[in-house]
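Number of protein chains: 4
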Amino acid sequence: MEAFSDGVIAILITVMVLELPKPHGVTWSALHDSLPVLLAYVLSFVYLGIYWNNHHHMLQATHRVSGGILWANLHLLFWLSLVPFTTSWLGENRLATVPAAAYGIDLLAAAVAYYLLERLIIRDQGEHSVLAAAVGRDLKGKASPVLYVTGIGLAFVTPVLAVAVYVVVALIWLVPDRRVERTVTAAGS
Amino acid sequence: MEAFSDGVIAILITVMVLELPKPHGVTWSALHDSLPVLLAYVLSFVYLGIYWNNHHHMLQATHRVSGGILWANLHLLFWLSLVPFTTSWLGENRLATVPAAAYGIDLLAAAVAYYLLERLIIRDQGEHSVLAAAVGRDLKGKASPVLYVTGIGLAFVTPVLAVAVYVVVALIWLVPDRRVERTVTAAGS
Amino acid sequence: MEAFSDGVIAILITVMVLELPKPHGVTWSALHDSLPVLLAYVLSFVYLGIYWNNHHHMLQATHRVSGGILWANLHLLFWLSLVPFTTSWLGENRLATVPAAAYGIDLLAAAVAYYLLERLIIRDQGEHSVLAAAVGRDLKGKASPVLYVTGIGLAFVTPVLAVAVYVVVALIWLVPDRRVERTVTAAGS
Amino acid sequence: MEAFSDGVIAILITVMVLELPKPHGVTWSALHDSLPVLLAYVLSFVYLGIYWNNHHHMLQATHRVSGGILWANLHLLFWLSLVPFTTSWLGENRLATVPAAAYGIDLLAAAVAYYLLERLIIRDQGEHSVLAAAVGRDLKGKASPVLYVTGIGLAFVTPVLAVAVYVVVALIWLVPDRRVERTVTAAGS
Numbered sequence: 001m002e003a004f005s006d007g008v009i010a011i012l013i014t015v016m017v018l019e020l021p022k023p024h025g026v027t028w029s030a031l032h033d034s035l036p037v038l039l040a041y042v043l044s045f046v047y048l049g050i051y052w053n054n055h056h057h058m059l060q061a062t063h064r065v066s067g068g069i070l071w072a073n074l075h076l077l078f079w080l081s082l083v084p085f086t087t088s089w090l091g092e093n094r095l096a097t098v099p100a101a102a103y104g105i106d107l108l109a110a111a112v113a114y115y116l117l118e119r120l121i122i123r124d125q126g127e128h129s130v131l132a133a134a135v136g137r138d139l140k141g142k143a144s145p146v147l148y149v150t151g152i153g154l155a156f157v158t159p160v161l162a163v164a165v166y167v168v169v170a171l172i173w174l175v176p177d178r179r180v181e182r183t184v185t186a187a188g189s
Numbered sequence: 001m002e003a004f005s006d007g008v009i010a011i012l013i014t015v016m017v018l019e020l021p022k023p024h025g026v027t028w029s030a031l032h033d034s035l036p037v038l039l040a041y042v043l044s045f046v047y048l049g050i051y052w053n054n055h056h057h058m059l060q061a062t063h064r065v066s067g068g069i070l071w072a073n074l075h076l077l078f079w080l081s082l083v084p085f086t087t088s089w090l091g092e093n094r095l096a097t098v099p100a101a102a103y104g105i106d107l108l109a110a111a112v113a114y115y116l117l118e119r120l121i122i123r124d125q126g127e128h129s130v131l132a133a134a135v136g137r138d139l140k141g142k143a144s145p146v147l148y149v150t151g152i153g154l155a156f157v158t159p160v161l162a163v164a165v166y167v168v169v170a171l172i173w174l175v176p177d178r179r180v181e182r183t184v185t186a187a188g189s
Numbered sequence: 001m002e003a004f005s006d007g008v009i010a011i012l013i014t015v016m017v018l019e020l021p022k023p024h025g026v027t028w029s030a031l032h033d034s035l036p037v038l039l040a041y042v043l044s045f046v047y048l049g050i051y052w053n054n055h056h057h058m059l060q061a062t063h064r065v066s067g068g069i070l071w072a073n074l075h076l077l078f079w080l081s082l083v084p085f086t087t088s089w090l091g092e093n094r095l096a097t098v099p100a101a102a103y104g105i106d107l108l109a110a111a112v113a114y115y116l117l118e119r120l121i122i123r124d125q126g127e128h129s130v131l132a133a134a135v136g137r138d139l140k141g142k143a144s145p146v147l148y149v150t151g152i153g154l155a156f157v158t159p160v161l162a163v164a165v166y167v168v169v170a171l172i173w174l175v176p177d178r179r180v181e182r183t184v185t186a187a188g189s
Numbered sequence: 001m002e003a004f005s006d007g008v009i010a011i012l013i014t015v016m017v018l019e020l021p022k023p024h025g026v027t028w029s030a031l032h033d034s035l036p037v038l039l040a041y042v043l044s045f046v047y048l049g050i051y052w053n054n055h056h057h058m059l060q061a062t063h064r065v066s067g068g069i070l071w072a073n074l075h076l077l078f079w080l081s082l083v084p085f086t087t088s089w090l091g092e093n094r095l096a097t098v099p100a101a102a103y104g105i106d107l108l109a110a111a112v113a114y115y116l117l118e119r120l121i122i123r124d125q126g127e128h129s130v131l132a133a134a135v136g137r138d139l140k141g142k143a144s145p146v147l148y149v150t151g152i153g154l155a156f157v158t159p160v161l162a163v164a165v166y167v168v169v170a171l172i173w174l175v176p177d178r179r180v181e182r183t184v185t186a187a188g189s
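Residue numbers (this note's numbering), protein chains in the order written: chain Z, 1 to 189; chain C, 1 to 189; chain B, 1 to 189; chain Y, 1 to 189.
These aren't lab readings, by the way, just hints derived from the structure by calculation.
Among the hints, erroneous ones may be present.
Unchecked claim - Below, a list of computed lysine-lysine pairs in the BS3-like style, where the Cα atoms sit at most 25 Å apart:
1. C:Lys-22 with B:Lys-22
2. Z:Lys-22 with C:Lys-22
3. Z:Lys-22 with Y:Lys-142
4. B:Lys-140 with Z:Lys-22
5. B:Lys-22 with Y:Lys-140
6. Y:Lys-22 with C:Lys-22
Computed from a predicted structure; not experimentally measured.
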């Protein structure tokens, strides 16, 4: 399951580049017109990188895979698979309301799917498992959905603020989930 | 062979998103126009998830790979590889007869290919193998083609019913093949 | 190197479906118009399947990878990576001369690249290696280029005959390289 | 991390072919018109092959992966992921100034990202590690950015010379990084 998920995220992070529209013309200003698309690409690249990173650590702490976990995982991959779609919609319509909200809804759905997967794995392994200890109170996991909902709301007022919120959440997560990493290492030694 | 097949299905499940046409405009109604395509995408995502899941379990119970099995596997991957093609045809022509029938024909061909692969592996391993025991009478495997044929027929009367049948088959399979999982675990312990 | 090559071929075999143009309309005749493209897709799918199969067996008999072998392998992957390109050119121009010849030239280049890779590996392992014994006189490997050249020539007379030759070569190879499989198994036991 | 990176590079090297525009017409001159795109494709294929090769050797000499290394690696993959984008822009605008400069800037950024990753790994492993010994003074790694900057500058004078410089750097690197290969082998024996 880990190899399959890694594969899907690797493909998603890569095929996004196929959605980048080619600049019209051969001037810097042609490239400048592509800038919003490129920036949306960078943001989504970072988000998929964060998911790959944390997901990878979580699955390393998972030893038994039930049918429910498999489908919770595919559910997460489903929302991640829509990222290239929402990214190109957002990028090609410079900070329009609905694409900015749709982008946030996809991020929110992925965050919820990640949370469900995490809970299922912990329930399966018991509350005293490595993963449960590693995740702890999971402040970041609980704050992110609240921030996404804020961002989605802001999209209807000032879309640029919505995107700013998404950037902030990405920055919060950019620090990889060292808790799991550390606890797994500790449990293994 | 398992890694290669997992890779192909991971790629298929992902490249489908590239076939999603971008909404024309930045309103919710633009996204609403994309709804049939998105729903077709969800259905195909679930189908490829089911195939990945069951195929993965089946190959874990397969220890010897003959030339025949290799080609039966590629035959299955061929029909699965057409899923993005039939999906986008179905999604972009809201419940038209021929695309709905073509979608069902592809599902039928994939189901037959899966059945052939299963038989080849069981023949190779002997009727008393783990897989043979796990598959058992294979009610789902036998009912699916009948339902697909029904769906293909219904496409010529009321296409929406055809799609409803495909959704029902997906729901039947959504429960992962716990028989194999359970029997393999039992045999391994 | 094996995982990377398997990955590249898995991706190639899959992204070809993205090159399939969507049928114009929702009738069987619209699908019928797509038939040449679909048939070209089937032929290329079989060719990539053959390469995956034989390449996979060859690398399993390869234990040491030098820089030269790495680049000979990438050289082979380069010609295989052009298959989706030549396939869609051939399929969309029903049996035109130049696309039919270009398709054959790509197959010829891939065959030569495969032969070079095989020779490099055998030279590296010694003439008494498992692979050298398995390949033997390599009749198929020597006949294929001759047939491809014949096909390329025929493209300028009757393109349909060129494609017929490519189909024949595919059929010759469809039998997986059991020699390697058998010899490797024998050497392992 | 190695499997994920290999996967991303395998996908990049492959999806580039999807960016190749289909020849308009069925004559050799139609293919001739595609020649600049095809040559840009060859150059980028070689570059991605070089990165895969050296990156693969570097990660084999890396035993511990910190959060910083993970993100330095994703940073490298980000610049590599833009290669299909800059390649098609360069190829479709026969030697125009800005695309030729943009192509070089992407190569430069990837080279810097590779250097940062290498330094991070060496810092993590200590100056007496296998990798530090293998990389040595890293003449090629230090010369490449200088050459890229030269190429970017030349793009504003004679774009064809810029591309010539990029070809020269590729040729310099085409010899795989045998130092690492050799030192790793020596350390392992």
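Going down the list of hints, with the structure as the test:
no.: 1; hint: C:Lys-22 with B:Lys-22; verdict: holds (16 Å)
no.: 2; hint: Z:Lys-22 with C:Lys-22; verdict: holds (16 Å)
no.: 3; hint: Z:Lys-22 with Y:Lys-142; verdict: violated (32 Å)
no.: 4; hint: B:Lys-140 with Z:Lys-22; verdict: violated (44 Å)
no.: 5; hint: B:Lys-22 with Y:Lys-140; verdict: violated (47 Å)
no.: 6; hint: Y:Lys-22 with C:Lys-22; verdict: holds (22 Å)
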